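Asks: Sequence lines, in order, name chains A and B.
Here the first sequence stands for residues 227 to 341, where the numbers follow our numbering.
Here the second sequence stands for residues 61 to 174, where the numbers follow our numbering.
Check the hints yourself; a few may be wrong.
[Claimed, not checked] Footprint (simulated), chain A over chain B, 3 or more residues, beta carbon under 8 Å:
#1 103–115
#2 157–171
[To be verified] In the EDC-like style, the derived pairs of lysine to aspartate or glutamate whose C-alpha atoms are separated by at most 20 Å in a straight line are:
#3 79(B) x 162(B)
#4 79(B) x 98(B)
#5 101(B) x 311(A)
#6 101(B) x 290(A)
#7 100(B) x 235(A)
[As the list claims (entries may be wrong)] Here's a subset of chain A near chain B, in silico, CB distances under 8 Å, partners left out:
#8 260
#9 265
#10 266
#11 293
#12 295
#13 303
#14 329
Think of the hints as simulated: they come from the structure by calculation, not from any bench.
Note that the coordinates shown come from a computational prediction; the quantities given were computed from them, not determined experimentally.
No residue lacks a Cβ here, since even glycine has one placed at the ideal position from N, Cα and C.
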Amino acid sequence: AQSVAQPEDQVNVAEGNPLTVKCTYSVSGNPYLFWYVQYPNRGLQFLLKYITGDNLVKGSYGFEAEFNKSQTSFHLKKPSALVSDSALYFCAVRDVGGSQGNLIFGKGTKLSVKP
Amino acid sequence: DTAVSQTPKYLVTQMGNDKSIKCEQNLGHDTMYWYKQDSKKFLKIMFSYNNKELIINETVPNRFSPKSPDKAHLNLHINSLELGDSAVYFCASSPGAGLPYEQYFGPGTRLTVT
C-alpha cells in the first residue's frame with residue numbers, strides 16, 4: 227500500500243534561514259511525488275512535483291525538492307525562508323502504475339517562520 | 061476568476077439532517093475529486109469522477125453520495141448527518157486521471173454538525 231510520512235508536526239525557522247520540510251514515501255513501484263501548501267482557511271495550492279528525470283525539482287515561490295530514491299525521500303527546501311511562508315505543507319504520492327489519479331497525503335507539517 | 065469553487069463555504073446543521081455541497085470548476089478538466097480534512101488536518105480522498113464516471117469510491121459511509129451532472133460539476137450529498145461528519149470538505153480537479161497532473165483545490169466547505 228502507498229503511504230507518505232512527514233515525521234515533523236512542526237518546523238520552526240528564523241526568517242532568512244534555510245528551511246527543510248521532510249517527507250518519506252512508500253510505494254510498490256516508482257512514485258509521482260507532490261508538495262502542496264495550505265494557508266489558513268484556504269484550499270491546497272500546488273508547489274511542485276517529481277515525475278522523472280532530474281532529482282532536484284524547482285517549484286513556486288522559490289521552493290525546491292530533492293528526490294532521493296535510495297532513501298525514499300522527497301524533502302522540501304528553500305534557501306531563505308520568509309515570514310509569509312508560514313503555512314501547512316503536505317507531501318503526497320501517487321503510484322506510477324495507478325490510473326485513478328488519487329493522491330495519498332502525509333499528515334502535514336506546520337511551518338512557522340519567525341521574523 | 062475562480063478556478064474551483066465550492067458552495068457553501070460554511071455549513072452548520074443538526075444531526076440527522078441531509079445536506080449538499082456543490083463544486084464547480086471552470087478549467088475544462090476531466091477529473092474531479094472530493095477530499096475530507098479532519099480536525100487534525102489529515103486529508104483523505106473520498107471520491108473521484110472522470111468524465112462523469114465514478115472511478116474512486118473509498119471506504120465512505122453510503123450516507124455520502126456524489127453526483128456529477130457534467131464534467132464541470134461534482135456535488136456531494138450527505139444523508140442523516142452525524143457528529144463525526146464535521147470536517148472541511150475539499151473539491152479538486154485535474155486535467156485527467158491517468159497522468160501525474162497536479163490537482164487544483166477549491167477553498168473548502170467547513171461542515172459543522174451539532
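Asks: Okay, which hints does this one fail, numbers in order?
Replies: 3, 6, 9, 10, 11, 12, 13
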